[in-house]
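Protein chains: 4
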Amino acid sequence: MTPTLGVGLIGYAFMGAAHSQAWRTAPHFFDLPMRPELTVLAGRDAVRVADAAGRLGWSSVETDWRRVLEREDVDLVDVCTPGDTHAEIAIAALEAGKHVLCEKPLANTVAEAEAMAEAAARAAARGVRSMVGFTYRRVPAIGLARQLVAEGRLGDIRHVRAQYLQDWIADPQAPMSWRLEKDKAGSGALGDIGAHIVDLTQHITGQRLTGVSALLETFVEERPLPASEGSLSGVAGQGTGTVTVDDAAVFLGRFDGGALATFEATRFALGRKNAIRIEVNGSRGSLAFDFEDMNVLHFFDGDEPAATAGFRRIVVTEPEHPYVGAWWPAGHGLGYEHGFTHQVVDLVTAIAKGEDPTPSFAEGLQVQRVLDAVERSAAERSVWTEI
Amino acid sequence: MTPTLGVGLIGYAFMGAAHSQAWRTAPHFFDLPMRPELTVLAGRDAVRVADAAGRLGWSSVETDWRRVLEREDVDLVDVCTPGDTHAEIAIAALEAGKHVLCEKPLANTVAEAEAMAEAAARAAARGVRSMVGFTYRRVPAIGLARQLVAEGRLGDIRHVRAQYLQDWIADPQAPMSWRLEKDKAGSGALGDIGAHIVDLTQHITGQRLTGVSALLETFVEERPLPASEGSLSGVAGQGTGTVTVDDAAVFLGRFDGGALATFEATRFALGRKNAIRIEVNGSRGSLAFDFEDMNVLHFFDGDEPAATAGFRRIVVTEPEHPYVGAWWPAGHGLGYEHGFTHQVVDLVTAIAKGEDPTPSFAEGLQVQRVLDAVERSAAERSVWTEI
Amino acid sequence: MTPTLGVGLIGYAFMGAAHSQAWRTAPHFFDLPMRPELTVLAGRDAVRVADAAGRLGWSSVETDWRRVLEREDVDLVDVCTPGDTHAEIAIAALEAGKHVLCEKPLANTVAEAEAMAEAAARAAARGVRSMVGFTYRRVPAIGLARQLVAEGRLGDIRHVRAQYLQDWIADPQAPMSWRLEKDKAGSGALGDIGAHIVDLTQHITGQRLTGVSALLETFVEERPLPASEGSLSGVAGQGTGTVTVDDAAVFLGRFDGGALATFEATRFALGRKNAIRIEVNGSRGSLAFDFEDMNVLHFFDGDEPAATAGFRRIVVTEPEHPYVGAWWPAGHGLGYEHGFTHQVVDLVTAIAKGEDPTPSFAEGLQVQRVLDAVERSAAERSVWTEI
Amino acid sequence: MTPTLGVGLIGYAFMGAAHSQAWRTAPHFFDLPMRPELTVLAGRDAVRVADAAGRLGWSSVETDWRRVLEREDVDLVDVCTPGDTHAEIAIAALEAGKHVLCEKPLANTVAEAEAMAEAAARAAARGVRSMVGFTYRRVPAIGLARQLVAEGRLGDIRHVRAQYLQDWIADPQAPMSWRLEKDKAGSGALGDIGAHIVDLTQHITGQRLTGVSALLETFVEERPLPASEGSLSGVAGQGTGTVTVDDAAVFLGRFDGGALATFEATRFALGRKNAIRIEVNGSRGSLAFDFEDMNVLHFFDGDEPAATAGFRRIVVTEPEHPYVGAWWPAGHGLGYEHGFTHQVVDLVTAIAKGEDPTPSFAEGLQVQRVLDAVERSAAERSVWTEI
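The listed protein sequences correspond, in order, to chains A, B, C and D. Quick note: the first sequence uses full-length UniProt numbering, first residue 1, plus one each step. Quick note: the second sequence uses full-length UniProt numbering, first residue 1, plus one each step. Quick note: the third sequence uses full-length UniProt numbering, first residue 1, plus one each step. Quick note: the fourth sequence uses full-length UniProt numbering, first residue 1, plus one each step.
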């Protein structure tokens, strides 16, 4: 009889909905060693959380996240709140003996992230597991990219170029949001989307960034307040608010294997909605990926004769590709949400096996250190800043 | 209080799994006027169907589909069996007062399809609804394509070119399967995938094909038997079997608005896994779609000045696009399975409103007539054959 | 000392300009065994031909093409006139002992083409050479495609799909032109551009079409007369003229190796300017080409493991590729006109070697027979028509 | 009667060949106000230069470039030598009253470039013209990009990302060349190809870079000597030489209108042969260009409704596009070399009109200052370095 895994989810906005779909869906496509139960959803507003629980499929609700940690029917706490609350909730949960899945970025500061990584290490010693939600790692094309590098198909890595391009505030009249306030969001494009490409490039190459040189920019410093507080509806109200985070971050970096890197994270790339673009050039091969065409990986095999060499457009929908065999016959592409399902699969499997899942909180901390070095470099005339 | 809709699903292979995911998922993302219940799953093998019901989320099982029709807790029968059983099950279900969702092609012969369309018409008069599962209609990019034509953005349609390209039996050693036997499958590439592009081009243009000129071909007539009977594993066993359906179909056509069309459906296009490619050229604009990049529609606006005119790569992931707003923020693409969820949404909505959903059985019959004309033309030296 | 080759060019419109650039350019990039001299340009209007000769670099002019054939300083006659004059000029030139390069289509009728092919055969016996100008054969990516097929990299050919898409008369108000009159042009899109894809697919596959089933269509039957007679300026004048050729041709075909083919040639594909698109699927590999991206060939190698297989985008600008080494370093693409230069190179080389160049008039005749079968099929309810 | 313009070309390698083709071709397609004569070709080796003159079409030769400046039949000196000789030759030519076209980069040092710009200013006062050969400005798609920015279609520029990617020394066994020696080449990828993207992005945006933060890298410091000295054949000989220039340069920048920029120039991007990739994002629109598809410009118009907005693939082969009307009918693409022809056209036109052509030596100097700031930043821990 498959044991159950009681899940308590904190937060029910965009990420809460994505995680809910993953918890619901994983058991229908994968043979999981434990059966997740959508035990409890937590949120501060009793009416809203009840409504969300019904819609998202959770069996009960709490209005205080601390109550979730006290419940015996909860084995795992899934943290989908804004970044300023991650440290407090995740550490408390680990100390309460609950496994933790925490959305990225791990925290809003390095100090918080350090405390979280330490708590995770202590908990791991007691068999309590933790994972940070860099979900794009589980897109099949990204998994294939990592495999190719690990198999040596790229040789020595020379260049990495990574961009995460969005445009949702390219219009100067787009209204304020908590994501534009430093005390809630920690940083702007840098932490929200830049964190993903830092993690992905390190994940694919199996290497770490050793230093950065950076520029940050806030193009639009005053924005209209939203029609109603907290609204993300895009409708402007009266008065203006001050944007206290970066609109865009660009930085150079160097990987510990010697590769040069360029990074760009922005919410002002008009026409690009969610373009995560990663290219890696090595001495034997090259890779290119764009999330706007997420089921595809481009691979150049330098061992081919020149006359027939070229970037191959690999449609990553074959049973031979990571995670794909569990879904549909060859050629039937997956979407954004499937990465979350794969994340649940790997997390539940690790818990059942008694292993530490990845990415760990320590990995989340290391990404936080990169982001911190970016901010320090940008504040000091872009000077080279080691990590 | 939202009323419930008890669903009985017949069949649990590829299509059964896809439909199950849709029934489970739809209520979590869309405000449905009725709440679907996964009441019963039917299949002939008691062990297998029980296993599938557990995996796919169905509350009970039957080993005789007739029992599903007798159950009072079943309001809708979802037919996911091979085509040779569609007519019997669907007609019986409609006569039993159950709404019916029937996978495509509607039937294996025109005669069967006619009987089904007649049964559907009789049932509709009693408020019993029916729909045929041309699910690709509900891919958002296809929905947008139809909108643009309907708004007149293409003007008079001049050309349609449509291909459905797969390669799963391009290897002559790929083993036999029921899909290669005429008495079970009705036809080969023509009915299995050609039916989709006939339906899609008619759906997008809002026009009907009036005639065809066709070639059918079976490239590999003898294939090894599979290792175990009924296996789809791709492993060859002993002996060979005879392929009695087409491997590929190509045909010319003309739409009732005067456009010329070319169609191609094949399982021998090496390197193309599930490439549904549709192009439409009109006097004011043009469209291009490829399911290998399913979240994208290419649109050429002939009203643009020549210096800045070009095919626009519309990433169909904005809230303004059909169905998209219910899912994720802009830029987060959907996958193959989402079309099935949209199908459930539209079907449930139509039932609740007391309207006939589309595509109707009559539309399924019309597609069957096109397929029949293709076969007759191919048998008569490709002579022009009216529909 | 390199011998010279005196060239006489008949016609100085679009094709005349392209051929002139080729004759001028070839010796600067290729080591030719004979040095072409731009000896004489012929045209009926004395003022215009003199102006063209100055602009295009020809040393003298004639107003009667027969005079060109009489000149001793002319070794080769290059025929760039409309199709209704090809037969008369080319046959007379061959009989006068001049080598002939004749633009495609070889002639306006099969009878004319037969006479030309016979004249070419007689001339060849006397060491007089002839070639028909299917210049796209000499695009490097097409050359590479043919090589890959010849090397067996595609295996048995299963499918060919070819389109030549233009849009220059998609607007019903685009004025009349001699290209829309049957007595001058022979046919419309079929002969003008359809001829190219018939030749290219046969050239790439090394196979011949054995039969066709076809539809022809004239979408716009009356058009405004141009502002001044003979004008191609696109400005409409008074009154209308009747279009007596096809606007578009679609046809099915079968190659002698068993492959199925679809063809489409049209001037009504809005947004496509000169899109020659060719795809070939075989049992071991597949190819795709689009002249809108003419320096690229896509190749799928079916021998690759499934996990890393994909269409390779081969940028055909390496020294290893056909013709490319004579031009620029790797990566510096060629344009439309370079195919004409390659044609001159191959023609001059064959003449110097005493060999018959390709494509021969016999090959041009065979293409003419395909076009004729298309017209006959279209006139007889698309019935299968052998070639 | 059209006046003549006697041209003396110094150098006959890659650039010499490209310029020769341009001088020969321009008068055949464009109505030039002066008729260029290929008067004299200069090179140190008498045998080689004579051979080159014959092949490239020059009427006479000199083995000392100073003799070219003394000749009365030379009106313009075209400098196609390595960068270490640009200053001496160009200044002497200007002082001799000859117009000068000088290949890029203008010089190997800022000091040389300053002296050249001063000489050019003095010469201009006497009606003697000068131009630096940033030829990619004259690719039609780049011209269209600049037009769109100038017309305000992009609004305020937010982001520029530019890459020039090659791979010709990605193999560590690729042999030494003068291009890898600092005293001859000045710098490596930075000056050779990075100069182009600095110029292009400033040209397109109409803005200047104000500062940079940079990294330079030499991945392979020792390389085999070529088989014969001076050989570029790619065949290795005995012994090794030391690479004294950068293999790759990456840098951040800021434009004077506030945009953030990332730049990358490398010879180690395996699989990219000559990929000049430029993207610009503004508040109203965005652009993307890749020289691997040089006849195409991608344009996103932010004024479009969201449902139909998308990057347009503009095929820049219409008569409405810059330079295109002089060549072929719509849809017939140009190649690498055509930019050189356009350069000749604009230069000759400016000389005839008595105007200063662009890009001027002052613009070349400004690019040199950017390259210098890149080197200084890279030498000082990537610190922000103003230009």
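Bear in mind the hints are in silico, worked out from the structure with no lab data behind them. Be aware that a few hints might be false.
[Stated by the list, open to error] Coverage of chain C stretches by chain B, computed from C-beta distances (three or more under 8 Å per stretch; other residues unrestricted):
1) 180-186
2) 263-270
3) 321-331
[Said to hold, decoys possible] Under 7 Å between C-beta atoms, here's a sample of chain D residues computed to sit facing chain B:
4) Asp-51
5) Arg-55
6) Gly-302
7) Ala-306
8) Ala-307
9) Phe-311
10) Arg-312
11) Ile-314
12) Glu-318
The C-beta atom is built at its ideal place from N, Cα and C for all residues, glycine as well.
Hints and how they fare:
Only residues whose beta carbon comes within less than 8 Å of a beta carbon in chain B count, and the segment 180-186 of chain C has 0; fewer than three means the coverage is violated. Residues of the segment 263-270 of chain C lying with their CB closer than 8 Å to a CB of chain B number 5, which satisfies the three-residue condition for coverage. For the segment 321-331 of chain C, the stated coverage by chain B is not satisfied: 0 residues place a CB nearer than 8 Å to a CB of that chain, which falls below the threshold of 3. Proximity of Asp-51(D) to chain B is violated relative to the hint, the smallest CB-CB distance being about 44 Å (cut-off 7 Å).
Because the smallest distance between the Cβ of Arg-55(D) and any Cβ of chain B comes to about 39 Å, over 7 Å, the interface hint for this residue is violated. Hint status for Gly-302(D): violated, given a least beta-carbon distance of 13 Å to chain B, over 7 Å. Among the interface hints, the one on Ala-306(D) holds; its C-beta lies about 5 Å from the nearest C-beta in chain B, closer than the 7 Å criterion. For Ala-307(D), the interface hint holds, since its Cβ comes within 7 Å of a Cβ in chain B; the closest pair sits about 4 Å apart.
Evaluation of the Phe-311(D) hint against chain B yields a held restraint, the C-beta minimum of about 5 Å falling below 7 Å. The interface hint given for Arg-312(D) holds, since its Cβ lies 4 Å from the closest Cβ of chain B, which is under the 7 Å cut-off. Given the 7 Å rule on beta carbons, the hint for Ile-314(D) holds: about 4 Å separates it from the nearest Cβ of chain B. For Glu-318(D), the interface hint holds, since its Cβ comes within 7 Å of a Cβ in chain B; the closest pair sits about 5 Å apart.
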